[in-house]
Each structure stands twice: as structure tokens, then as C-alpha cells.
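Undergrad: Letter by letter, the chains look like this.
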Amino acid sequence: MGLFLGRSIILLLGLFALPTLLGDFWAYQLGLYFLYSIAALGVGICWGQAGFLPLGQAMFLGIGAYLSGFSLIHFQDSFLLLLLLPAAALIPGFIAFVIGLLVFRGHLESGPFFALITLALSLLTFQIATNWVDVTGGFNGLGGIPSLPGLEGFESLYYVVAAVLTISIGVVAWIIKAPIGVIWRGISENEKRLTFFGYDTAFLKALAFGISGVLGGVAGVLYAPHQGLVTPNLAGFILSAELLIWTAVGGRKTLFGPVIGAILVGSLTAELRDVIPIWELMVAALFIFVVLFLPDGIAGWPERLFQRVLGRRFSGDEVNLAVKIGQKSPELELASCSLSIGTVDILNQLSFRIAQPGIYCLIGPNGAGKTSTFNAITGAVKTQAGSINLDDESISGFQSHDVAMRGIGRKFQVPSILPNLTISENLRTALWGGRCSLMDLFHYTPLNWTNTINTDLKERFPFLIEENKPAKELSHGEKQVLELSMSLLGEPRLLLLDEPCAGLSSEETDKVIDTIRWIRSTFDSTILVIEHDMTLVKDIADQVIVMHQGAVLAIGGVKDIQKDSRVREVYVGVSI
Amino acid sequence: MDPIAVTIALNIIYEITTLFVIVLGLAIVFGLLKVMNLAHGEFIMVGAYAAYFCQDQGWPYIMAIPFALFIAAILGYLIEFTLIRHLYRRPFDTLLVTWGLSFLLREVIELVYGKGFQSLSNPIPGSIDVLGEPYPSYRALVMVIAILSVLVLWVWYRRSLTGARVKAMVENPELARAVGIRVDNLARHTFVVGTCFGALAGVMLAPLTRVEPFMGLDYILTSFFVLVVGGVGTILGLSSGAGVIGGVQSVVSNLFGETSGYFGVLLIAILFLWLKPNGLISRS
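Protein chains in written order, with our numbering: chain A, 1 to 576; chain B, 1001 to 1284.
Note that these hints are calculated values from the structure, not bench results. One thing to keep in mind: the hints can contain errors.
Listed below are several chain A residues computed to face chain B (Cβ distance under 7 Å; list not exhaustive) [unchecked claim]:
#, residue
1, L102
2, G111
3, P112
4, L116
5, A120
6, L124
7, I128
8, N131
9, E280
10, L281
11, A284
12, F287
13, I288
14, V291
15, S394
When the alpha-carbon atoms are kept at most 30 Å apart in a straight line, the in silico DSSO-like pairs for lysine-lysine are as follows [said to hold, decoys possible]:
#, chain 1, residue 1, chain 2, residue 2
16, A, K192, B, K1034
17, B, K1167, A, K192
18, A, K192, B, K1276
19, A, K328, A, K559
For glycine and all other residues, C-beta sits at the position ideal for the given N, C-alpha and C.
So here's chain B without its partners, still in its complex pose (with noise of 0.2 Å):
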């Protein structure tokens, strides 16, 4: 195969999976929940500054996957207990909280690791042969550890009785709560896997990437393009979300700079908002 081809499908493709992995948790939250969480960013920077914690104190990194899975569970269970719980109907007010807590988040980090970035170093240098071209072994593990988490979820959630309990919140909570679901429960968990997924995103990007305390910013927003251009609620959906905003972005930043991506990609959004409203595969 032509050397370059393969170089230009595997960045697409691991552009596209990393967008995917971005935006699955925000995806699960507002999806089933109906919260926009503006604080899923800052999520993802708490998994990065988790496994940044973990390299300095000198654990394999494989210990940040735990580590920082604890630590978001944890952050993840008091805020669903203490704001969000009381915000599943009112919509405008979880934008607000959630808004808040980004900010929270984003001070405590600041008051422990400051304001300047952080860089870790490559947990798996080196690189593979995919279809005899030289690959980093550390994304392509990124690439195959995303698509094997999201097939897990997805067999998980259409095959599992906790999947079909939760479907039934989903279109009617009250009834749900009537045949015996404990729906709070299962809000809270559903909440803590969102957040959980952030924590995921940011350990496997964190070598990858600048660590700071503000890198959350473009990933809320990555991530919110990717629902706006997908629609919520299918994978199918997500996938051709994450495929036109990380296609747009690389393309139109290779070819007229970082800055044009960006207008770019907004000006994408706001054509859908007006075309497809509800993106390219919505549930209805």
C-alpha cells in the first residue's frame, strides 16, 4: 500500500477515535440524563493530572487507569449527591452549576499544580509496523483501547438488564420508578460513568497532550460540536459526528492554519444547528 495513504488513514482514524473517546462521556450524560455537563472537560484534566500524578510519584502508568477511575468516581458520586440531583429538571440551571463546578475544578487543580503545563512522558515509546508502516505504539494502543471500550459499553448497554433498566428511565422515569427501577440510583450511576469516562480520556491522552489546568476548554467544546453534528443517542451518531468535526478541524488547520479549524468547525456547527437540528442520526 502506498506508505503515505496509510500514514493519512491511521492520523484520521486516530484523530476521529480521540474525539470519540472526548465526547462519550458528555454523550452519556446529557443523552440519558438530559444534563450538559460544562464541566466534562474539566473531567478529562482531572484523569490527565491523575496520571500525571501517578508517573511523578514514579507507579507504572498502567496504575493511573484506577487511579484516576477512583478519583472521578468519587468527585463523580458527591457532585450528582450535592447539585446535580436536585437540577434533572431544570436544565438551565444544571448549564449554570456545571459551569460553575468547571470553574471549581479547574482552582483547585490551579492551587495545587499552578497555572503552567505539565508534560509526561511517553509510557510506551517506540513504535509498531501497521501494514508495513512505522506506527507510535502509544496511540495505537489509544486507538484500540477506545474502540474496545466503546464496543464494550455498547454490548454492555443493548445486552444487560442494568441497559434495559436504564433505556426504560430514559423514555419514562416515572413509570420506570413505578415497576420497582430505583431511578435515583441509577441516575447517579449513569452520572458517575459520564464522568468516569472523562477521567479515562484524560489518562489516555494525558502523554499525549499539554496538561494544564485550562485544557479542558477545547475539549467542551470539541466534544459539544461532535453532539451537535452526530445527535445524541446512537454511536452510529457519535462516530459521524466526531468523523466531520475531526476531519474539518485537520484538514482546514493543515491547510490555513490552527485558527481557520477552529471557525471552521464552528461554522459547521451553527450550519447543522440550522440544516439538521437534531445532527447527522438522532434516536427518533
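Chain A extracted, bound-state conformation (with noise of 0.2 Å):
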């Protein structure tokens, strides 16, 4: 907190001292430009962090303004500004984020849907400026707007803008590195795995998009008294296509990327627009380089090596979290599930019961269903008939996220992990998961959680120590162990295991093996494994569950099994 209080008065004072240095006009004139950062701030929150992009972002600066435009227009010195004028900022938050839940919440996928809704939202809203000529003075825009109560002549101004901007960096700079912030940059590796981790993605990038609209909307609020004018045009496309190329340009991912590219590229085009004929081709040609070869921009050199120089790690002492798992043991009943897609049935009136703890093996022939069956558990797919019910309440219909919740964790087949974060960042997802609140979430006391679990696993795989790695550096045979690693510290009441030693060398596989088994007996806990190797499936399993087209075949222990004909026929395709 001191650091970032520390931080923040220098940069205060670096901008207080501005107008003397160069000169009131000019110090107007950045102010204009600040305020453009500040919505900027909001855009790179979005796409550099949470990986979706915002098309559309200048509609909320440009409702922000009208609404304090009129706020200050016809309650011009009254108490009732002190009310209004922040909730004309936090109105465009509020839009962006029911917008945010609606479009997430339809289409999982960070792709064009939001990008084109968000564009076409903002054309709407330019459209409705200019065409609702009574309330916003149509196309010539809302003019004669007073200042700020108690701050005439537009020097004054500058330094409430200046001020609101460090806050405003202030704030974001605590969002990003707090846990909210690695789960947005989460959500914009891996987001399929994070909802199996029990995290409500459409949530989080509903929220980050609202606090952007936030963020919209206070550049906005001053905008208004700052320029006396509010056009049609501050919600329009123009705006919306420069912020995002300021903030590409500044470097998307980092913290004052986005406001020293609105800056910069801001104050440079309007100098040289008409200077420099091909000024616009450059900078369109500019972002297209920028998006592809330099993803942190500009500012991304410069802060890594400030870091490096300044950063400090945030310590401090590590909070060891109590172990919830093996409370309750599941009772998970599949009854009569049929999938088909197509004309193809790939699961077909499965049913099977678990409701002791133990490890089941799941095994099978290709094309059996089983993970299908994982899939239909974890609502990654709706089954079309029958139910799955969790301690006597139907999960069918679930999303991952709800099923997540519930204590249900799934390692993938193919290791799915967040390739860019760090390895420690990886494992605190996984362990955040269903533990953190809210609020917990912008706090920064659960960068210090830590459990049992998390302990043994270091020493049981020792690469994990190496907490700075990103996560993609390492093999595969790591990538699985940390993928592992991450469903168990979600402490999940049943593991759904999808051949956890797949790729692995047989050194590896004992010691994933033998984690697995402690985890069984320590935890008391329920594991399902898809597993092809009979070997292992006769050394690790308690129970063996038999799939063929989609129907259990089998249940039952492992000698059992190998005498049962029917599950021979199935393997060797003779009866015997």
C-alpha cells in the first residue's frame, strides 16, 4: 500500500509541476489528452488483460459526458452535482457491464461477437446523439457547459485532471496485480479451463468490461466542463478506433501503455493530421505492426526494466489455508444420460452409481464415451436425455463453472493449462478457485494462500518451485504433473482424471501415481481415471467401470473384471 501511495504522489507531482514548465495552454491542451488516457486505461483492462476487445469504448465517455453535461448545465452550483456527477460515471460502468453479462453470458468465446456488439452499440449511441436533437442538441452537440463548481478559468481544471488520472492509474495498477487481475489474464489464455475451476468467466469479464465503462464514463464526467462542448462525435466510432490504436500502440498488457500511447499518438495526430498528409496511413500501418510483432507496445521495454529496477515482490506471510477436502464424500449417480450428435450416439442410456470413496478406473475401447462422460458431468455438454445428480441434486443442465463449485475438479487429457502465466500463477488459480470471494479477489492477501496440498507437491515435483517460469517453457511430461497439480489444489471432492500419465516417462508416471494414491488416502477422496494401461489400472484401481458405446459394461473389482467375458469380447473381439 505505502508503495503504491509512494508511486502515485511522484507521479502527481511530475503532472502539478507540468503547467509551469510548459506554459497553462499546453498544459490545457494534455489535460484533453489525460482525460482520453484515463478511458484508454479502461481499454487496456479489457483487451490486455481480459483478452476480449472493446470496439465500441468511446460510447461510454460519450454518455458519461452528456450526462454530466446536463447535470451541470441545469443544476449549475448545486449541492445535487456532489450526487450527480458520479453517478453519470458510474451509469456508462453499470451499461457496459449489463452489456458485458448479456453477450458473455450467450457466447462464452472472446471472438467477434462482443468486438462487432460493442461496435455497433457505439454507432447506435452516435446515432441517438445526434438524432435526439431536443435533449442533446443534435449533431452540433451540447454546448455552453460550465465549469466545475469553484474551479472557473480552465487552469484550475487541469489539476483535478491530473489528479483524477493518477487515481486512476493508482486504481488500475492495484486491479491488475491483484488476484482479479491474473484471472482476467487467465480468461484470455485458457478460459474453458478456468470455468472448470469453478470461476464464472462471463462474471469476471462482464465485471472487467464494466469497470472499463467506469473508467469510460470519469474521463467523460470531466471532459464535459473541460471542453464546454459534447458532440455526437465523443461517442462515435473515431474515438472508439483511437483509443484502441493509442492503447496498442502504448502496449496493451502493460499499465501505462495505454496512456502514454493516448498521450503520445493522441497529442502527436492532432499536431501533425494536417502536417503530414499519410500521418493517419502511418499510424493505421503502426497498429497493424504493433499487433503483431510488439504486444506490449511501446511502454513494454521501458516497465519491464523499470520493474527490474524499482519492482519489489509483494511479500509477505504466507497464509496456510485449512484443507476442506474429504468432508463430505460424493454420491454421484448418472441415470439413463444419452448424447447423440448427428446420427452418431456417443453416449447411450449410461448409468452408473459412485457413492463410496475410492479411485474407479473408467477404461475402454476408442470411442467408448468416456470422455464424454467427463464432459456430461463437468457441463461441458448438455446430455439430451437422463440426469446426473450430485448428493441427491440434479447437476444436469449445470454450467462448468456451478459443477466446478460443487466440488467437482477435472484434469484435461491434453495438459490445458495458462501457457503465458507463471507457474505460480497457474497453481494460485487453481487454488483461489471456489475459495475466493469477491473481494478477496481485489484484496491482496491471497497471494500469500497456501495449503497442505500445495506444500507436497512441491516436494514431490520440484520443478514447481520455479515460480517465475511461464508455464509453456516447460515439457510436456511437467505440463501434465502441473495440470495435475492444479485440479488437486482446487481440493475437489471428486477428481475426474483423464489418463494423467499420458506422455509421461515411467519414472514420472510412479510419482503421478503415487500422488494420486495419497491424495486417495490422505483426502479419503473420490477419483475417477480414464486410463488405458491395464497395468496401471490393476495397480491403482478399488473399482473398474467398463464403457462400451456409450452404456457401462461392467462395474466391479479388477479380478472381476478380467474374468468377465463380455468385457473380454469387447477387448480381444472373440467370445470366450
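Put the complex together from the two separate chains, hints included.
TA: Laid out in C-alpha cells, this is it:
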């Protein structure tokens, strides 16, 4: 906290000194780009952190500015402004949050859908602002907006803008270093994985969009008195596009990138647009270049240097969390679950029940529906018939994160990790899933959380201690182990492992099997493993479930299954 | 027949067919290559400006078609070769790069022709009789060409060897490559076909609309909504998407004004995201 305050005060003093250095007029000009950079910070959160593309971000600036303009004109010098202006900043954020929920809930991916819908919304805002002449003043805009009460003259407003910019940077710096920032970056890497840790990613992305809306709103609220005039263009396409370009060029993944981009490219454009005819062409080309080759923009390199020199790793006393595993062993029941895609029956009246803790091996020839069974249990696909119950509650039709929150964890066949996040961030993301409340995500304390599983895993697999190594640099086997560790840290009551030893060396396999056994015995948990290797199955299985053509062929102990003639028939192809 | 009914029917068919032409290039590129080309609207704009150039030179309007196709093909090749081909597995980056491209193309046109709008004269003035009602000849021709080009494309895709190769590429690029299909070339040609259809739409619509640098913006949005509603991959899906979007837009705009029409379309698109995320008719 102290560090934050210290840096913010230095920044603020620097900004306050500018009018003396540059003269009042230039400071006033810069003030406009300070406002834009507040909005650009929001673009940075959406695009650089959470990984979705807001193509119409200016609409929030516009809405904030119109609301602020009305308030200042109609309630000049009234104490109501103390209420109205903050509301004018928050309303765009609320609108953004609702839009985010609507779109992300409908479509989990961060692809073109969200981007184009925000673009359409900003054009819609532009049209409303242009056509609703009685209220907005139409194309010519809403003019004659007085300054903030008590701040006559444009010089004094500069200090307010500079202060608000500093606060905004401070808040964003805090947020992106807090757990929520890690989670957002995780979402941008591998959203699906996070839903299986119990994160409601649609909500968290909507939250990011909402915060960016507030930042846009704040910029708009100050824009109205700063410029004295609000026109539809403020909400429209061009400014939206510029915000995106500034953020990209400055460095979307960095804290200061959007700010530097907005101030540098923005003010240069204003100066050079008319001097160099192909200036905007150059900016467009620069944008493409930066997107492809320089995701950290111009602020990336200096910021990393700065962090190496001045940055301090957040450190505090580790908080050891109580282990919750094994509190109640799950009762899972699948009753006549069916799933077909086209004419192919993937699951065909699949029914089985697991009520006792233990290791259950799910075996069966290729295409028997093993992975699809996992998909059905975890809500990744919806079964067309039948029901899935967990402890007398029907979980069929639940979304993946709701299933995960009820204590079902999953490891995928192909290791599914967060490649560009560090090992420790990967592990933390898993540890926080299902434990962090929304408030926790904005606090720094979860950064120090650990539990006995975490400590033990690090002893078993020493590579997990290399905290700052990006997960993508791990070998295939290590990635498998990392994902296994992640699914254990979520402390699921029921753990689904899809070929956890695939592609591992025999040494690694032994360690992984040992870990699974340890989890089984120490925490008395229920583990369902898909496995092809029969030696392994014999070794670890308490019970074996044999699947064939989307249904259960046999359930029983290893010995019984080995004797079962139907199983032999399926595997060997002859009846004995 | 009731003259008003005929006019209304013709207008609706016109609305849907033009929408169809607008969306076709985008649908090809998105459906087959999974590339959401945000610069699609700008290819339509380039086509329209090419038509303007031809008319300005005093050439016959029909010349605009080969000229626009030529320019769009060259641009398409260049863009695919320098940018898109590196990005087939990175959909998010494609989105950004094509968005940047749309900006670039707009700026180039602005540099040459300025921000103002150009209007073209109608190459085929006058009207013809349709079921006893006079209807503008050029609009009628646009409808015919639109329907014809879609039919030709459809038959060609279903019957030709290249069509089969494209299908193989879409289903499984690695396997297609393994059996000797030159997937890289095929993808490039597919992209170019998409940009050419964009330019063709631009030529066809130029005399009926305001030609200006920002005209592509509306086109990309409407095209996208058609894809959302109709679903990617089938002609029938595209037609139903064009029908719904075109219908909603014209009906709501006529009743409550342009802004409401716009809002209505947006609402429909979001509703479809929720209720039918794969569109009305999807391939799978």
C-alpha cells in the first residue's frame, strides 16, 4: 500500500509541475489527452488483461459526458452535483456491465461477437445523440457547459484532471496486480480451463468491461466541463478506434502503455494530421505492426526495466489454509444419460453410481464415450436425456463453473494450462478457484495463500518451485504434472482425471500414481480415472467401470472384470 | 395482382438480395477459413470507388466489374500473402489485423478522394414492367445478377473438383495437405474470392448509395448480423439471415425511424446469441 501511495504522489507532483514547465495553454491541451488516457486505461483492462476487444469504447465516454453536461447545465452550483457527477461516471459502467453479461453469457468466447456488438452499440449511441436533438443538441452538440463549481478558468481544471488520472492509474495498478488481474489474464489464455476451476468467467469478463465503462465514464464526466461542448462524435466510431490504436501502440498489456499511447500518439496526431498527409495512414500501419510483433507496445520494454530496478515482489507472511478435502464424500449418480451428435450416439443410456470414496478406473475401447462422460458430468456438454445427480441434487444442465463449485475437479487429456502465466500464477489460479470471494479477488492477501497440498506437491515435483517460469516453457510431462497439481489444489471432492499419465516417462508415471494414491488415502477422496494402461489400472483401481458404445458394460473389482467374458469380447474381439 | 403488394414484395426481395450480396464475401471467408475479415466492408467500398473511377473516366459501367475485381484480387492476394496467412490459427489476431486493415484502406481512399461523398449516375435509367408494375431497371438487374452469382457459386462449389478440395481443406487441413492438396494456395484463393465478392457488391450497389470512405462500416455490421442470425455455412442459412435482418431493419425503420431499426437489428442479434448461438441453420 505504501509503495503505491509513494509512487502515486511522485506521479502527481510531476503532473502538477507541468503547467509551470510547459505553460498553461499546453497543459490545458494535454489535459484533454489525460482524459482520453483514462478511457484508454479501460481499453487496456479489457483487451490487455481479460483478452476481449472493445471496438466501441468511446460510447461510455460519450454517455458520461452527456450526463455530466446535463447535470452541470441544469444543476449549476447545486449541491446535487455531488451526487449527479459520480452517478454520471457510474452509469456508463453499469451499462457496460449489463452489456458484458448479456453477450458473454450468451457466447463464452471472446471472438468477433463481443467486438462487433460493442462497435454496433457505439454507432447506435452516436445515432441517438445525433437524432435526439431536443435533449442532446443534435449534431452540433450540447454546448455552453459550465466548468465545475469553484473551478473557474481552464487552468484550475487541469489539476483536477491530473489528480483523477493519477488516481485512475493507481486503481488500475492495484487491480491488475491483485488476484482478479491474474484471473483476467488466465481467462485471456484459456477461458475454458478456468470455468472448470469454478470461475464464472462470463461474470468476471463483464466485470472487467464494467470497470472499463466506469473509467470511460469518469473521463466523460470531466470532458464536459473541460471542453464546454459535447458532440455525438465523442461517442462514435473514430474516437473508439483511436482509443484502441493508442492502447495498442502504447502497450496493451502494460499499466502505463494505454496512458503513454493516448498522450503521445493522440497529441502527435492532433499536431501532425494536417502537416503530414499520410500521417493517419502511418498510424494505421503502425497499429498492424504493433499488434503482430509488439504486443507490449512502446511501454513494454521500459516498464519491465523499471520493474526490475524498482519493482518489489509483493511479499508477506504465507497464510496456510485449512484443507477442506474429504469433508463429505460425494454421491454421484448418472441415470440413463444419452447424448448424440448427428446420427452418432456418443452416450447411450449411460447409468452408474459412485457412493464410496476410492479410485475408480473408467476403461473401454476408443470411442466408448469415456471423455464424453466427463464432459457430461462437468457441464461441458449437455446430455439430451437422463439425469446426473450429485448428493441428491440434479446437476444436469449446470454450467461448468457451477459444477466445479460443487466440488468436482477435472484434468484434461491434453494438458490444459495457462501457457503465458507463470507456474505460481497457474497454481494460485487453481488454489483460488472456489475459495476466493469477489472481495478477495481485489485484495492482496490471497497472493500468500497456500495449503498442505501445495507444500507437498512442491516437494514431490521440485520444478513447481520455479515460480516465475512461464508455464509454456515446461516439458510435456511437466505440463501434465502441473495440470494435475492444479486440479488437486482446487481440492475437489470428486476428481476426474483423463489419462493423467499419457506421455509421461515411467519415472514420472510412478510419481503421478504415487500422488494420486496419496490424495486418495490422505483425504479419503473419490477419484475417477480414465486409463488405457491395464497394468496401471490393476495397480490403483478399487473399482473398474468398463464402458462400451456409450454405456456401462461392467462394474466391479479388477479380478471380476478380468474374468468377465463380455469385457474380453470387447477388448479381444472373440467370445471365450 | 394488387400493385402495392407487388411493389412491397419487390422491395423486400431487393432488400434481401442486396444484403445477400453484401454478406457473401464475408461468409465465404469466415465460413471456410474461420477468418472474420473486419475489412470486408472496406472491400465493398473499394469496389464502389472503382466503379466511381470508371464512370468518372467515361468508361461504360460494365467495365467497372472487371476493373473492381482486378483491384480487389490484387489487394486480396497482397493482404493474404503478407498478413492473413500467418494468422489462420490465431482468430483473435486476425480480428485485430483486419480491423487495422479496414482503417488503412479507408485512409488510402480518403487520401485520394477526400472525406466527402461521391454519387454515381444510374447506368441503366428507366424502369421495366414486373407483373404489370413499373420497377427501376437497374435495381431489377442487381437482383438478377445477385441471384445468378449465388447460384453459379453454389453449383460450382457443389460440383467442381476445387469445391471438393475446399471442403477437404475445411474439414481437415492436415489430411488435405497429406493427400496432395495445396492447402496454402487454396486458402489464398478462397480469401481472394471473398474479397472479390465484396468488390462486386460495391460495384453493384455504388449507383444506389452514397459512396464515401466510411460506407464499409454499416456493411460489415449488417453482414455480421446476417451471419449471427442465419448461421454460417449454408446458402439457406444466409438467405434466412438476410431475410430476418433485412425484414426487421426495413419494417422497424419505416415504422419508428432509422435509429429504432438499427436498435431492432442489434436486439435481434443479441437475442440470437442467447437462443440460437449457431444461427437459424448451421452446418453441423
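Undergrad: So, A:I288 near chain B? Judge it on the closest CB pair being under 7 Å.
TA: For A:I288, the interface hint holds, since the closest Cβ of chain B sits about 4 Å away, which is under 7 Å.
Undergrad: When you check the alpha-carbon spacing of A:K192 and B:K1034, does it fall within 30 Å?
TA: This hinted pair holds, its Cα atoms lying about 20 Å apart.
Undergrad: So, A:L102 near chain B? Judge it on the closest CB pair being under 7 Å.
TA: Holds: closest Cβ of chain B sits about 6 Å from A:L102, inside 7 Å.
Undergrad: Min Cβ distance, A:V291 to chain B: is it shorter than 7 Å?
TA: A:V291 check passes; min Cβ-Cβ to chain B is 5 Å, inside 7 Å.
Undergrad: Quick check on the hint: A:L116 CB to chain B CB, less than 7 Å?
TA: Holds: closest Cβ of chain B sits about 5 Å from A:L116, inside 7 Å.
Undergrad: Quick check on the hint: A:A120 CB to chain B CB, less than 7 Å?
TA: holds (5 Å)
Undergrad: Please verify whether A:K328 and A:K559 have alpha carbons no more than 30 Å apart.
TA: holds (29 Å)
Undergrad: For the hint on A:E280, does the least C-beta distance to chain B fall short of 7 Å?
TA: The hint holds - A:E280 has a Cβ within 7 Å of chain B, the shortest such distance being about 5 Å.
Undergrad: The hint names A:F287 as touching chain B; please verify it with the least Cβ-Cβ distance against 7 Å.
TA: holds (5 Å)
Undergrad: Under 7 Å is the threshold here; is the Cβ of A:N131 close enough to any Cβ of chain B for the hint to stand?
TA: holds (5 Å)
Undergrad: Are A:A284 and chain B close enough, Cβ to Cβ, to be under 7 Å, as the hint says?
TA: holds (4 Å)
Undergrad: Within a Cα-Cα threshold of 30 Å, do A:K192 and B:K1276 meet the stated pairing?
TA: holds (21 Å)
Going through the hint list in order, the structure does not satisfy hint 15, though it satisfies all others.
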